[in-house]
Structures are given as C-alpha cells and as structure tokens.
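Visitor: Chain residues, written in single-letter form:
Number of protein chains: 2
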Amino acid sequence: MINLPPLQQAPNQTDLLVTHEAIHPFVHRTPVLTNRSLNEMTGARLHFKCENFQRIGAFKMRGAASAALRLPTEVRARGLATHSSGNHAQAVACMAQQLEVPAFIVMPHDAPKVKVAAVLDYGAEITYCNNTPEERQAALEEVVKETGAAFIHPFNDYGVVAGQATAAMELLEDTEPVLDILLAPVGGGGLMSGTALAARYFSVGATAWGTEPRNVDDAARSLVSGKIEHNVDNRTVADGLRTNLGECTFSIIHEHVPKIFTVTEEQIVTAMRHTWERMKIIIEPSCAVPLAAIFAYPEAFARKEVGIILTGGNVDVDKLPF
Amino acid sequence: MINLPPLQQAPNQTDLLVTHEAIHPFVHRTPVLTNRSLNEMTGARLHFKCENFQRIGAFKMRGAASAALRLPTEVRARGLATHSSGNHAQAVACMAQQLEVPAFIVMPHDAPKVKVAAVLDYGAEITYCNNTPEERQAALEEVVKETGAAFIHPFNDYGVVAGQATAAMELLEDTEPVLDILLAPVGGGGLMSGTALAARYFSVGATAWGTEPRNVDDAARSLVSGKIEHNVDNRTVADGLRTNLGECTFSIIHEHVPKIFTVTEEQIVTAMRHTWERMKIIIEPSCAVPLAAIFAYPEAFARKEVGIILTGGNVDVDKLPF
Numbered sequence: 001m002i003n004l005p006p007l008q009q010a011p012n013q014t015d016l017l018v019t020h021e022a023i024h025p026f027v028h029r030t031p032v033l034t035n036r037s038l039n040e041m042t043g044a045r046l047h048f049k050c051e052n053f054q055r056i057g058a059f060k061m062r063g064a065a066s067a068a069l070r071l072p073t074e075v076r077a078r079g080l081a082t083h084s085s086g087n088h089a090q091a092v093a094c095m096a097q098q099l100e101v102p103a104f105i106v107m108p109h110d111a112p113k114v115k116v117a118a119v120l121d122y123g124a125e126i127t128y129c130n131n132t133p134e135e136r137q138a139a140l141e142e143v144v145k146e147t148g149a150a151f152i153h154p155f156n157d158y159g160v161v162a163g164q165a166t167a168a169m170e171l172l173e174d175t176e177p178v179l180d181i182l183l184a185p186v187g188g189g190g191l192m193s194g195t196a197l198a199a200r201y202f203s204v205g206a207t208a209w210g211t212e213p214r215n216v217d218d219a220a221r222s223l224v225s226g227k228i229e230h231n232v233d234n235r236t237v238a239d240g241l242r243t244n245l246g247e248c249t250f251s252i253i254h255e256h257v258p259k260i261f262t263v264t265e266e267q268i269v270t271a272m273r274h275t276w277e278r279m280k281i282i283i284e285p286s287c288a289v290p291l292a293a294i295f296a297y298p299e300a301f302a303r304k305e306v307g308i309i310l311t312g313g314n315v316d317v318d319k320l321p322f
Numbered sequence: 001m002i003n004l005p006p007l008q009q010a011p012n013q014t015d016l017l018v019t020h021e022a023i024h025p026f027v028h029r030t031p032v033l034t035n036r037s038l039n040e041m042t043g044a045r046l047h048f049k050c051e052n053f054q055r056i057g058a059f060k061m062r063g064a065a066s067a068a069l070r071l072p073t074e075v076r077a078r079g080l081a082t083h084s085s086g087n088h089a090q091a092v093a094c095m096a097q098q099l100e101v102p103a104f105i106v107m108p109h110d111a112p113k114v115k116v117a118a119v120l121d122y123g124a125e126i127t128y129c130n131n132t133p134e135e136r137q138a139a140l141e142e143v144v145k146e147t148g149a150a151f152i153h154p155f156n157d158y159g160v161v162a163g164q165a166t167a168a169m170e171l172l173e174d175t176e177p178v179l180d181i182l183l184a185p186v187g188g189g190g191l192m193s194g195t196a197l198a199a200r201y202f203s204v205g206a207t208a209w210g211t212e213p214r215n216v217d218d219a220a221r222s223l224v225s226g227k228i229e230h231n232v233d234n235r236t237v238a239d240g241l242r243t244n245l246g247e248c249t250f251s252i253i254h255e256h257v258p259k260i261f262t263v264t265e266e267q268i269v270t271a272m273r274h275t276w277e278r279m280k281i282i283i284e285p286s287c288a289v290p291l292a293a294i295f296a297y298p299e300a301f302a303r304k305e306v307g308i309i310l311t312g313g314n315v316d317v318d319k320l321p322f
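Top to bottom, those sequences are chains A and B. Position one of the first sequence corresponds to residue 1 (the numbering used here), numbered consecutively onward. Position one of the second sequence corresponds to residue 1 (the numbering used here), numbered consecutively onward.
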C-alpha cells in the first residue's frame with residue numbers, strides 16, 4: 001500500500017506530481033468537454049474539466065484520497081473520520097471502502113436522505129448529531145476518541161489541497177490550446193488553493209481566478225482585507241460554497257489568487273440551466289458559479305482560453321432550482 | 001464542396017467509410033463514457049456513445065449531413081426541406097446553415113416552443129400546419145413545389161441510414177474491449193439500420209439488437225411477421241420512437257437485426273433517471289430505452305461488453321417524467 005509523506009506546508013511541484021501518481025488508482029481521470037453554443041454565447045473558449053463524472057460525483061474524491069494516503073499505515077487501519085453532510089462525506093466513505101478500513105461519518109439528523117444512503121452504501125458508520133458547528137465538532141471528537149480513526153478535514157489540510165490540485169493538473173495536460181485562465185468556485189478553498197498551485201507549477205502563465213456567490217463572499221472579502229472573513233448569513237443555492245476559508249487555504253489563495261469574482265443567485269441558476277441545456281450534463285448549483293462569472297464579466301474572458309473545473313453533479317432531480 | 005454519390009440500396013462497407021469521412025466537418029466526434037455504478041447494477045460492461053453531446057443534441061445530425069451531401073450541387077442550392085417537430089428538424093436546419101443554403105421546415109402549430117426556437121435559431125423558415133400525417137405531407141409537398149428544395153426524409157433513406165451508421169462505427173473504433181453487443185432504440189429504424197450495418201462491416205462479430213417501448217412495438221412485431229407493422233395507439237414517454245419502419249429500414253433490420261427487446265414505460269423512466277443520477281448526463285426518454293432493456297433482461301447481457309448509442313439529450317427540464 002502506498003504511503004505519501006505528510007505535508008506541513010503548501011505542496012510544491014514535486015508533491016503535486018507524486019500525489020497525482022499515488023491517487024490514480026482511487027479516482028477517475030475525468031474528460032474535458034467543450035461546447036460550441038457556450039463558446040458562442042460567452043465569446044470565450046471554454047474547456048470544462050468534468051469532475052461531476054468523478055467517483056462519488058465530485059472532485060472531493062481527490063482530496064480524500066490524497067489525505068488518506070498520507071496517514072501512517074497503523075493510523076489508517078483504525079479508520080477515517082469526518083463531519084460532513086455533503087460530497088466530502090461520500091468521498092471519505094468511498095476512500096475508506098477502497099482501502100478496506102472503517103469510515104465514521106458525523107452527519108446532522110436532517111441531512112438529505114439521498115446523501116445518507118450514499119454514505120451507507122459505501123459501508124460507513126454514521127453518527128447523527130444536531131446541526132450546529134459546536135455539536136458536529138463535539139460528536140466528531142467523541143467518535144475519534146472512541147475509535148482512534150483519523151479525522152480528514154474537508155479542506156483545511158495541505159494533503160487535501162494537493163489532491164484537489166490534480167483536477168487542474170489533468171485539465172492543463174489534456175487541453176490542446178494553452179490556457180489563459182483557470183476558474184474554480186471557492187467554498188472552504190481546498191479546490192481553489194489546489195487549482196492556483198497547479199496553475200503556478202504546471203501552466204505557461206495561466207492565471208487562477210476564484211468565483212463565489214455574492215451572498216457568501218467571505219473569500220472575496222478576505223482577499224481585500226488580508227485576513228479570513230466570515231459570512232453572517234450563509235443562504236445561497238450554491239450549498240457547497242457556504243464555508244469560510246481555513247488558515248491553510250487562505251494562505252495559498254492570498255498568495256496565488258489575484259481576484260475572486262462574485263455572482264448573484266439568479267446568475268448561478270441561469271448558468272446551471274445553460275449547462276444542463278447546452279452541454280447535456282448535470283451539474284449542481286455550486287458547480288455553475290464559474291460559468292455564471294463568465295456571463296457576468298464577459299470583458300474579462302473575451303477571446304480567452306478558459307479552463308473551468310466543473311466540481312460536481314450531486315443534485316436531487318426532484319428539487320431543481322428552475 | 002463535397003458531393004457523395006446517391007445510394008439506391010443499403011450502404012456497403014465502402015459507402016460507410018466514405019460517408020464517415022465526408023460528414024466529419026459537419027458533426028462532432030462524441031465521446032464514449034463508461035460508468036462503474038451502472039456496470040455494477042447491471043452485471044454487464046457498458047460503453048455509452050454520447051450522441052446527446054452531438055450538434056443539435058442528437059444523432060440525427062449525422063443522417064441529415066449524409067443525405068444533404070448526396071444531393072447534386074444545383075439541387076442542394078435550392079435548399080433542404082422536411083417535416084418534423086423533433087430532432088430531425090433541427091438537424092436539417094443546422095446542416096442547411098452550415099452549407100449556406102435555405103431550410104424549409106414543416107411543423108405542427110402545437111410544436112413545443114423550444115423546438116420552434118431552435119429551428120429558427122438556425123435560420124430556417126417554418127411552415128405551420130395541423131398535426132395530422134396528411135396535412136403535414138400536403139404542406140411539405142406545397143413547400144417543395146414552391147421552393148424547389150430537396151426533401152430529406154427522417155429515416156427512410158439509404159443516405160440517412162449511412163449517416164446514422166457512423167455513430168456505431170466510432171463507438172466500435174473508440175472502445176478498447178471487443179464489443180459483444182450493440183444496442184440502439186428503434187423508431188423509424190434509421191439508427192437501428194445503420195447500427196446493424198456498422199456491426200456487420202466493422203466489428204469482430206458484434207450482434208446489433210434493437211430496443212423498443214412495448215407501447216409502440218411495431219418493429220418487434222414486424223420482425224416476427226416479416227412485414228411492416230403499424231401502431232394503433234402511439235402513446236409513449238419515448239416520443240422519438242412512435243414512428244413505424246419504412247421500406248428501406250425494414251429491409252435492413254429484417255436481414256441484420258436478430259432481436260428487438262421491448263420495455264415498459266416505467267422501465268424507461270427508471271433507466272432515464274438512473275442515467276441522470278449515476279452518469280450525470282442528460283438524456284431524453286427515447287434514449288433510455290436500451291438501458292431499460294438491459295435492466296429488464298439481465299441474463300441476455302450479463303458479463304457482456306455492450307455498446308449503447310445514447311441517441312439524444314433534448315428534454316424540457318421543466319417537464320420531467322420523474
């Protein structure tokens with residue numbers, strides 16, 4: 001079994017190459033799609049890295065794989081733990097199943113049934129708690145104490161960041177024209193950090209820009225103020241992007257991401273619908289934020305070769321926002 | 001400009017190769033996707049040729065291109081005509097736009113607005129008529145008489161069949177394991193005929209099987225009776241498959257397709273939903289019929305390498321059947 005060295009600081013070029021090689025058996029190499037209609041509508045040339053086709057339906061698989069492979073063998077054997085009601089929970093559960101170790105997931109009582117079922121399908125054990133940050137944290141600490149399992153943070157972990165970077169690495173490798181811009185949405189910042197590092201180490205001068213719902217624009221404000229800002233109200237259709245940055249991800253984003261575009265709820269839903277109708281692929285609302293930014297700020301993208309990480313496609317088709 | 005020779009009989013191997021080469025500038029080479037979940041659920045190994053990603057969102061683009069390129073230059077210059085309220089209308093309109101010739105489309109008054117808008121977007125001229133076969137035919141004849149445009153039949157045309165065959169040719173070329181079975185849905189039989197000929201000429205012994213909604217099982221009954229059967233009632237969620245076979249397509253299917261599986265409405269909707277949820281791609285109900293057959297007759301597909309033509313993704317996301 002592979003053991004990657006733990007990362008005490010932002011991954012460098014070699015760390016990313018080694019990570020990409022190591023996680024390869026546990027993740028899919030997803031395709032890059034283009035679309036004539038969306039190119040015509042935006043005036044840019046768009047290259048979509050389809051992480052909605054990734055295992056568990058989202059890029060989170062990459063970070064979970066990278067972090068789990070960095071645990072010493074004897075620690076890993078006790079199992080993987082996390083708290084999440086979203087894609088990260090499925091990613092940790094799926095990775096544990098692949099490694100044949102236990103998974104312990106803390107989820108709120110009111111988590112969507114479909115998410116609960118998916119996590120159970122991977123053989124994970126669920127601990128339910130009330131849906132407040134304090135109770136989730138307390139429940140997780142209790143689980144870790146009881147089981148000895150290793151906590152895998154959803155984003156504030158350099159190992160997770162190294163895993164998320166591999167999506168942009170593959171996008172750069174699989175795109176024929178030289179990309180001018182890489183776009184990703186920003187939630188906790190794991191994907192954004194990884195994407196920025198991939199641009200830094202593996203592109204010929206591509207800029208990594210962030211995109212964020214205006215309703216939860218903590219990262220955009222953090223870039224301006226130079227410290228981690230928080231959201232007072234976190235209502236947005238892009239439910240994967242409600243989180244604030246962590247210390248690890250903020251430090252990388254602050255250094256490597258020059259700009260974060262923000263978009264309205266309506267722009268997000270419209271971009272999601274355009275993607276469904278023109279590309280015939282299913283993406284979740286959070287995933288539509290980069291395309292929404294291209295429509296909202298066309299002058300920034302006109303005639304540019306733009307790489308977009310499509311983050312995930314886990315949406316309840318009975319509860320669409322349009 | 002390319003001119004292909006007209007086809008007076010079923011296309012042979014050379015005809016298909018020449019057609020594939022000729023239509024290449026007018027159509028996309030669509031990807032072949034696989035899906036671990038659906039493989040596990042069915043016990044087969046499935047290879048999906050994603051014609052839902054084709055130009056105009058459906059395989060019909062291929063047949064329209066092939067037929068149009070077979071028209072003598074002076075005929076083609078007068079324009080392309082057809083009657084259709086579905087994907088074939090968009091395909092003819094899109095091909096005419098690419099050839100820079102006029103398109104004349106006869107559509108019923110009550111055609112979905114989204115289909116009308118798509119045809120108009122390609123610069124076609126629409127003639128509206130009442131929604132009966134007789135009035136559509138009369139309106140078409142009037143248009144052809146007035147404009148001198150060439151009628152492109154949606155399926156009963158060896159040129160159209162040759163175009164539709166190219167989807168399966170690419171699927172066979174782009175799939176690493178040797179395919180045992182090719183599956184397509186049967187409406188008018190253009191795609192099914194082409195798929196069967198591709199299997200005959202370009203595979204190492206793959207069998208082409210048809211799949212059809214039980215509610216409109218005219219093709220399955222035609223195979224049994226040895227003559228073209230008709231549907232009395234054509235109510236099905238798979239609205240692209242209501243048509244009966246034509247002489248050209250029946251003769252090819254009768255010779256080259258040993259079996260047509262039929263499936264219920266519920267099986268179609270379930271397979272459509274599985275495809276959306278597991279593959280994260282949008283397919284229309286007609287497109288789900290082959291996968292529905294695999295779920296319905298698992299013993300016929302167990303452990304087989306199965307190629308499936310995903311025919312199209314043009315669905316109104318405001319009116320889903322689930």
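Heads up, some of the hints might be wrong.
Each pair may be met inside one copy or between any two copies, as identical chains are not told apart.
As the list claims (entries may be wrong) - Straight-line alpha carbon distances no greater than 27 Å define the calculated DSSO-like cross-link-like pairs of lysine-lysine that follow: (1) K227 to K319; (2) K319 to K115; (3) K113 to K319; (4) K259 to K304; (5) K319 to K259; (6) K227 to K145; (7) K259 to K113; (8) K227 to K115; (9) K319 to K304; (10) K304 to K113; (11) K115 to K145; (12) K227 to K259; (13) K145 to K259; (14) K304 to K145; (15) K259 to K115; (16) K304 to K227; (17) K319 to K145.
Hint data in this document are derived by calculation from the structure and do not stem from the laboratory.
Visitor: Evaluate each hint against the coordinates.
Guide: A quick look at each hint next to the structure:
1. For a Cα distance limit of 27 Å, the shortest separation of K227 from K319 qualifies neither inside one copy, at 36 Å, nor across copies, at 46 Å.
2. Proximity of K319 to K115 under the C-alpha cut-off of 27 Å is found in both arrangements, the shortest distances being 14 Å within a copy and 25 Å between copies.
3. In this assembly of identical chains, the alpha carbons of K113 and K319 lie at most 27 Å apart whether taken from the same copy (13 Å) or from different copies (24 Å).
4. Proximity of K259 to K304 under the C-alpha cut-off of 27 Å is restricted to the intra-copy arrangement: shortest distance 16 Å within a copy versus 50 Å between copies.
5. Neither within a single protomer nor between protomers do K319 and K259 lie at most 27 Å apart by alpha-carbon distance, with minima of 33 Å and 39 Å respectively.
6. For the homomeric pair K227 and K145, neither the shortest alpha-carbon distance inside one copy (32 Å) nor that between copies (73 Å) is at most 27 Å.
7. In this assembly of identical chains, the alpha carbons of K259 and K113 never lie at most 27 Å apart, being 37 Å within a copy and 40 Å across copies at closest.
8. Proximity of K227 and K115 under a CA criterion of 27 Å is satisfied in neither setting, with 33 Å inside one chain copy and 51 Å between copies.
9. For the homomeric pair K319 and K304, neither the shortest alpha-carbon distance inside one copy (35 Å) nor that between copies (36 Å) is at most 27 Å.
10. Taking the shortest Cα distances, K304 and K113 never come within 27 Å of each other, neither inside one copy (42 Å) nor across copies (33 Å).
11. Taking identical chains as interchangeable, the C-alpha atoms of K115 and K145 lie at most 27 Å apart only when both belong to the same chain, with a minimum of 25 Å there against 59 Å between chains.
12. Taking the shortest alpha-carbon separations for K227 and K259, only the intra-copy value of 15 Å comes in at or below 27 Å, while the best inter-copy value is 67 Å.
13. Proximity of K145 and K259 under a CA criterion of 27 Å is satisfied in neither setting, with 41 Å inside one chain copy and 60 Å between copies.
14. Taking the shortest Cα distances, K304 and K145 never come within 27 Å of each other, neither inside one copy (51 Å) nor across copies (47 Å).
15. Taking the shortest Cα distances, K259 and K115 never come within 27 Å of each other, neither inside one copy (33 Å) nor across copies (40 Å).
16. Proximity of K304 and K227 under a CA criterion of 27 Å is satisfied in neither setting, with 31 Å inside one chain copy and 57 Å between copies.
17. In the homo-oligomer, the alpha carbons of K319 and K145 never lie at most 27 Å apart, since the shortest distance is 38 Å inside one protomer and 50 Å across protomers.
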